[in-house]
Amino acid sequence: MPHIPDEIWLQIIDYVPAADLWNNMRLASKQLLRCVEDYVSKAPGMLEDFTIGLAFSLAAGPHHRWYDVRGTITFSFVALNKHNHDYARFARCLVHPQRMFDRGIEQWRRISSGGPGERQDWRLQHSIDSTKLVKLRKVIADADGVYCDWRELFDAYYKQQQRDVYGRIIA
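In full-length UniProt numbering, the protein residues as written are 1 to 171.
In short, the hints are calculated from the structure, not lab data. Careful, some of the hints might be misleading.
FRET-style restraints, in silico, Cβ to Cβ [stated by the list, open to error]:
(1) R99 x D20: 35 to 43 Å
(2) N23 x G45: 31 to 39 Å
(3) T131 x D6: 27 to 35 Å
(4) N81 x S113: 34 to 42 Å
(5) D102 x N24: 39 to 47 Å
(6) E106 x N24: 41 to 49 Å
(7) D20 x E118: 40 to 48 Å
(8) F101 x D6: 43 to 51 Å
(9) R103 x K135: 21 to 29 Å
(10) A79 x I4: 26 to 34 Å
(11) S127 x K82: 21 to 29 Å
(12) K135 x K30: 38 to 46 Å
(13) I4 x S57: 47 to 55 Å
Each computed SDA-like pair below joins lysine to any residue, with the alpha-carbon atoms no more than 20 Å apart [to be verified]:
(14) K82 x G145
(15) K132 x R151
(16) K82 x N24
(17) K42 x R89
(18) K42 x E7
(19) K42 x V16
(20) K132 x K30
(21) K159 x N24
(22) K42 x D149
(23) K132 x S76
(24) K30 x A19
(25) K82 x E37
(26) K135 x Y157
(27) K135 x F56
(28) K42 x Y158
(29) K42 x P17
(30) K135 x D86
(31) K138 x R119
(32) K132 x D149
(33) K138 x S76
(34) K42 x D14
(35) K159 x D121
(36) K135 x Y147
(37) K82 x K135
(38) K30 x E7
(39) K42 x R119
(40) K135 x Y158
As the structure is a computational prediction, the values presented were derived from the model and not from experiment. Note that the Cβ used here is the ideal one computed from N, Cα and C, for glycine as well.
Start from the sequences and build out the full structure, keeping to the hints where you can.
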């Protein structure tokens, strides 16, 4: 197969859906891997449209009750880490319900001080697409936001559900 310059691949990549880029195209060759990763980390509407968050309960104690106030805290993409471009910085916090902002921030500081851990379910959303609950291993939380490996974020969000020969989803 003749070599196609990166500039042409980047033009083609503009027209390919993000899920196909990540799940298929980048796996085809080292050149496409480089082009796709460069594109998704820098192109408008790709990494910058992701939000990452988690659900929390404002209840006292470890047990959830039906009347507990539950909320979400969500962070928006800010920039790639200046020192390690493998990590994306998510800050600009949004707490829902809004009336619980102070309590939500207090809860986040408590979670981030102890480290969220690998068992934490993170809510990922790209633009207006559906929210997915995923587990991320490479997450660093601080009082102001979250750093996460953006490749792991894309892997988790665009992970294809594997199906058996009968079309049933394999766990």
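The hints, checked one at a time:
no., hint, verdict
1, R99 x D20: 35 to 43 Å, "holds (41 Å)"
2, N23 x G45: 31 to 39 Å, "violated (18 Å)"
3, T131 x D6: 27 to 35 Å, "holds (33 Å)"
4, N81 x S113: 34 to 42 Å, "violated (21 Å)"
5, D102 x N24: 39 to 47 Å, "holds (45 Å)"
6, E106 x N24: 41 to 49 Å, "holds (43 Å)"
7, D20 x E118: 40 to 48 Å, "violated (29 Å)"
8, F101 x D6: 43 to 51 Å, "holds (45 Å)"
9, R103 x K135: 21 to 29 Å, "holds (25 Å)"
10, A79 x I4: 26 to 34 Å, "holds (31 Å)"
11, S127 x K82: 21 to 29 Å, "holds (25 Å)"
12, K135 x K30: 38 to 46 Å, "violated (29 Å)"
13, I4 x S57: 47 to 55 Å, "holds (52 Å)"
14, K82 x G145, "holds (16 Å)"
15, K132 x R151, "holds (16 Å)"
16, K82 x N24, "violated (29 Å)"
17, K42 x R89, "holds (14 Å)"
18, K42 x E7, "holds (15 Å)"
19, K42 x V16, "holds (16 Å)"
20, K132 x K30, "violated (29 Å)"
21, K159 x N24, "holds (11 Å)"
22, K42 x D149, "holds (15 Å)"
23, K132 x S76, "holds (15 Å)"
24, K30 x A19, "holds (18 Å)"
25, K82 x E37, "holds (17 Å)"
26, K135 x Y157, "holds (10 Å)"
27, K135 x F56, "holds (15 Å)"
28, K42 x Y158, "holds (18 Å)"
29, K42 x P17, "holds (16 Å)"
30, K135 x D86, "holds (18 Å)"
31, K138 x R119, "holds (12 Å)"
32, K132 x D149, "holds (17 Å)"
33, K138 x S76, "holds (17 Å)"
34, K42 x D14, "holds (12 Å)"
35, K159 x D121, "holds (15 Å)"
36, K135 x Y147, "holds (14 Å)"
37, K82 x K135, "violated (25 Å)"
38, K30 x E7, "holds (15 Å)"
39, K42 x R119, "violated (30 Å)"
40, K135 x Y158, "holds (13 Å)"
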